[in-house]
Amino acid sequence: MQDHVIVRLEEASKYYQQGTMEVRAVDGLSFEIHKGDFAVLCGPSGSGKTTVLNLIGGLDAPTGGKVFLEGQDISLLSRSRISIIRRDRIGFVFQAYNLIPVMTAYENAEFVLTLQGVAESECRERVMEILKEVGLEGLENRRPDEMSGGQQQRVAIARAIVTRPAIVLADEPTANVDSATADSLLALMERLNHESGITFLFSTHDQRVMDRAHRIIRLHDGKMETDEVRN
Amino acid sequence: MKIRKMAWRNLWRRKRRTYITAFSIGFGVLLSVTFTGVADYGYTKMINTSAVMGLGHVTIEPRGYNDTPSLDKRLSKSDRIRERLMQMPGVEDALIRIMGQVMIASANKSIGGAFMGIDPAMETGEGNLFIRSIVEGQLFSGPDAGGVVVGTGVAKKLNLGIGKKLVYTTADVNGEIVSEIARVTGIFKTGVSEVDGAMILLPIDRLRAVLSYEPEDATLISIVIKDQRRALKIRDMINSSMGNPSWEVLIWKETQSELASIITLDKAGNRIIQVLIGLLIAAGILNTLLMSVMERTREFGVMMAVGMSPLTLFRLVIMESIWFAILGLLLGVIITIPWYAFMYYHGIDFSGMIGSDYSASGVIIDPLMKIRLFRESAAWILTALFTLTILSGLYPAWRAGRVPPVESLKEL
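Protein chains in written order, with our numbering: chain R, 1 to 231; chain B, 1001 to 1412.
Keep in mind the hints are simulated off the structure, nothing from the lab.
Idealized CB from N, CA, C, for every residue including glycine.
Incorrect hints may have been included.
[Claimed, not checked] Taking lysine to aspartate or glutamate pairs in the EDC-like style, the calculated list, with each CA pair at most 16 Å apart, reads:
hint	chain 1	residue 1	chain 2	residue 2
1	B	1005	R	120
2	B	1157	B	1172
3	R	223	R	11
4	B	1073	B	1144
5	B	1045	B	1366
6	B	1002	R	120
[Unchecked claim] Taking beta-carbon pairs under 7 Å as the criterion, some of the chain R residues facing chain B (in silico):
hint	residue
7	54
8	59
9	77
10	80
11	83
12	86
13	89
14	140
[As the list claims (entries may be wrong)] Far from chain R, some chain B residues (derived; all Cβ distances over 10 Å):
hint	residue
15	1103
16	1224
17	1253
18	1264
19	1305
20	1307
21	1309
22	1406
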């Protein structure tokens, strides 16, 4: 249903100039992501997975076509407007965690809420609840260098979902952790998807992620190869 | 987390670099305080010394006297003017004087010189450098007593000693040549050879009689004030409360334009040095902040990806430069206090290098270099360094907000 569409790509393209060569990272791609999806973008290196996430997240602008987030064409928005959309409607989880090193787990999770101007008491309530949900209760005051990779990625997930975004874009979230940690992170995200209805879109090579996904969009040379929906 | 807290923590990512930058700001405080404090002290000392050499910080004199001094130009009822001046706030002393050119002769030699007619009852060493500098004998006893006090140079040239007689010759109020004999009661030594070799002090009433002046006539009233910086205000106050079209009220910059020029020139040189110091400090801060921004490109990309606006990022880096400024200024104050205290109470004595009678424009320069920083100078230094530090952060802050997040995230 149109109402449940969170992301829509219409013939979206992203071309780069590499010397005299034009590289077509994304080439006329069209698909939709619906509310509650637990979807995966997969494909070999250079197939355009990360570029698609960047286009959806407003980190990069399409060369052609359109990218809609909750019905709004984000390719037409100003830098400051896009940053507000990213702050309020999108959660990011990166491969390398990318936590802010001078902040504790609590402060990292709280960071986006602070940018939103949420009152301190509400921040505290929401952050503590989320940290508990991602299994980091008691580790609030640890800095990133005092936590394992898995714990850091949990903080990154907490940071991504604490604002109750429309979608969480996760770029290779399991690439830097061991398989046990990867499984537990995936279980966590699956549970958040199930219980809280948070929409996830992953870019990954990881078979474990694909095994849990409800939908797999396979890319090759910036084009869609297959779009498989599982029950 | 608030921006200021985050900026503060960012400062301590590289402690050594932060300390070095903060110390460079602190060192800037020390240098600026030294340069400005020495100037504040030195200029004040020069102006005050010059003031007690005859003309005061502010002078009331007949209109036109400053341009073409002449004994026929005179103030009348000077005692009454003095009385009113002494009631003005900020006025320490008002001294009635007659000043002019004179020919001084002993039994076998004569020289050109200058005289200052003074009332010994009114004058003390505080407001008169010549009295303070008497090295032999004493000041004549009263305004109408006989006697003369001469400089060491005059005494030497004319072979005079205490009790010896001299003849001074000048033109009276009508332009007639008049002479009188006076016996030397004292000899002074200011250290300025051109002054010691030309100046004599005479009792004012006796001089009035010689010059055919009326009892309260004088060529000028020399006003010594508590704070030389208030000379203009005092002048305006005198003009507004008791101005008279036959006089003019001049400040030391007008009566001693040569000294004013020397000070202006010195101040300009001082400013250039301070600007250069400021630029060096700014370059250091700019370098530190720029390096710190470049190192965090990826982190800034992440911050922007999760929703931080370029403006907030700009504010974050500016906040870091504000912290640098606060830290640097605090360190500056801490390292400057002992140095300031030493220079305030003891100073550095350069008499071994320049001698004790070094002078410029007829004014003795104190060979003891001390520091006295005016409150406004201290405020100016702190404000200038604070502003400079923040300005140095503008470019790095702008750079931080300009990096496209997608490019930053690619960096490792």
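Hints violated by the structure (numbers, ascending): Numbers 2, 4, 9, 13, 14, 19, 20, 21 and 22 - these are the hints that the structure violates, sorted from lowest upward.
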